[in-house]
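So the protein sequences, as listed, match chains U and E.
Using the numbering used here, you'd call the opening residue of the first sequence number 1 and step up by one each time.
Using the numbering used here, you'd call the opening residue of the second sequence number 1001 and step up by one each time.
Fair warning: there could be bad hints in the mix.
Calculated lysine to aspartate or glutamate pairs in the EDC-like style (CA-CA distance at most 16 Å, straight line) [as the list claims (entries may be wrong)]:
1) E:LYS1018 to E:GLU1108
2) E:LYS1036 to E:ASP1096
3) U:LYS68 to U:GLU2
4) U:LYS58 to U:GLU5
5) U:LYS71 to U:GLU2
6) E:LYS1040 to U:GLU5
7) U:LYS42 to E:GLU1108
8) E:LYS1052 to E:ASP1096
9) U:LYS106 to E:GLU1044
10) U:LYS106 to U:ASP17
11) E:LYS1040 to E:ASP1096
12) E:LYS1041 to U:GLU5
Derived Cβ-Cβ restraints for the label pairs, each shown as a range [to be verified]:
13) U:SER28 to E:ARG1111: 36 to 42 Å
14) U:LYS57 to E:GLY1028: 24 to 30 Å
15) E:GLU1084 to U:SER9: 44 to 50 Å
16) U:GLU79 to E:ASN1070: 44 to 50 Å
17) U:LYS113 to E:PHE1051: 32 to 38 Å
18) E:GLN1054 to U:SER28: 15 to 21 Å
19) U:HIS7 to E:SER1038: 17 to 23 Å
20) U:GLN60 to E:ASP1096: 25 to 31 Å
Just so you know, these hints were derived from the structure itself, not from any lab.
Here a beta-carbon is modelled for each residue, glycine too, at the ideal position from N, C-alpha and C.
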Amino acid sequence: GENVEQHPSTLSVQEGDSAVIKCTYSDSASNYFPWYKQELGKRPQLIIDIRSNVGEKKDQRIAVTLNKTAKHFSLHITETQPEDSAVYFCAASIVGGSQGNLIFGKGTKLSVKP
Amino acid sequence: ETGVTQTPRHLVMGMTNKKSLKCEQHLGHNAMYWYKQSAKKPLELMFVYNFKEQTENNSVPSRFSPECPNSSHLFLHLHTLQPEDSALYLCASSQDSAGGTGELFFGEGSRLTVL
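Excised from the complex, chain E in its bound form (with noise of 0.2 Å):
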């Protein structure tokens, strides 16, 4: 494998459920985000780690739990969710946050339907 990839594809889960995104880059990259990508918005930044250290929460709601066990791997755990949480999760990685100076390559993304 190679680039960013994402499992699952598609999830669709109820309200009550726990389940688990995950996102692996094999670019040798420091940084790896989290986006929510909802119909008619932007591309909505959620999370990033650098160097396995997170370095931005954007407000986003403590349903949503991310971990980085290492510069490879990102996963967002969801619990509780809501309905509008229903959307695409891009994961991407860039060589470093630093100032935002690195091309991102994202993956294909998790499609979420909440029920």
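So that you can see chain U by itself, here it is in the shape it has in the complex (with noise of 0.2 Å):
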């Protein structure tokens, strides 16, 4: 089955500098992949996915890149702000697949200091 490895397990960076988190999948069937984002007391929420047929997607301060070949895809916030301070799930699922379920990765604790 599907293994996702995230990392680092914890980042921290000064306000205004860039963060990336890392994973990794094992099934190259693997075609939908989204972020989670959980904020200390909160639930998890969405925050971006991308698909397998694109390489990188945006959306304002966030992207997501996806690199098909070593199977690897990765999460970059730009200019960091306090609110980003928080723990991000990447996560891996085969769209169409009878085990379509997400398999999430173990989490980064994301430290945006002021």
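Assembling the complex is the task here: the two chains are given apart, and the hints tell you how they should meet.
Pasting the structure below:
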């Protein structure tokens, strides 16, 4: 089955700097890769996702890149702000497969220092 | 109430108790999920229901028993739990569970402590 590895487990940056979180997946059939943000004491929420037919997707200060050959994808946050502090989870699944449920990484705790 | 609501938010129980977690979604979705979130571990999928039918049981011990009476409600019945079962239990819903195409909407979670 699918296995998702996520690094780093913790990340501390200065406000205004960029942050990058990386994930690798094992099943080459995976074709959907969402990222969820979980603020302290709150529920995980989808912030961006990418499908395997594109290599990059941007939404304001957030971008996700996908390298299908290497089987890894990354979340990039530019101009970080204190409110970006949270735990970020990557995930992978196979759209259209019989076992399409999301497999999550362990999470990255991002701290943005003012 | 909108979105996905879970009750209770906090629960402390002994190993011999029987309790239930409740989840309700007001989004008109057809799929509902139970996830377990422990410290330093990935979100672990426990059960999936699609159109009230259980489509996945991820090798969960029988001391956890799900129930889905309709597409809007999901329960997790707990009995004779172990201390290692202490965790945050998250309920989620999506439009359907087919191939993971839909965004997951999570509840706030039920923090369970087993003494």
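Hints, one by one, checked against the model:
no.	hint	result
1	E:LYS1018 to E:GLU1108	22 Å, violated
2	E:LYS1036 to E:ASP1096	20 Å, violated
3	U:LYS68 to U:GLU2	15 Å, holds
4	U:LYS58 to U:GLU5	22 Å, violated
5	U:LYS71 to U:GLU2	12 Å, holds
6	E:LYS1040 to U:GLU5	13 Å, holds
7	U:LYS42 to E:GLU1108	6 Å, holds
8	E:LYS1052 to E:ASP1096	11 Å, holds
9	U:LYS106 to E:GLU1044	10 Å, holds
10	U:LYS106 to U:ASP17	23 Å, violated
11	E:LYS1040 to E:ASP1096	29 Å, violated
12	E:LYS1041 to U:GLU5	11 Å, holds
13	U:SER28 to E:ARG1111: 36 to 42 Å	37 Å, holds
14	U:LYS57 to E:GLY1028: 24 to 30 Å	27 Å, holds
15	E:GLU1084 to U:SER9: 44 to 50 Å	21 Å, violated
16	U:GLU79 to E:ASN1070: 44 to 50 Å	45 Å, holds
17	U:LYS113 to E:PHE1051: 32 to 38 Å	47 Å, violated
18	E:GLN1054 to U:SER28: 15 to 21 Å	29 Å, violated
19	U:HIS7 to E:SER1038: 17 to 23 Å	19 Å, holds
20	U:GLN60 to E:ASP1096: 25 to 31 Å	29 Å, holds
Checked against the numbered hints above, the structure violates hints 1, 2, 4, 10, 11, 15, 17 and 18; every other hint is satisfied.
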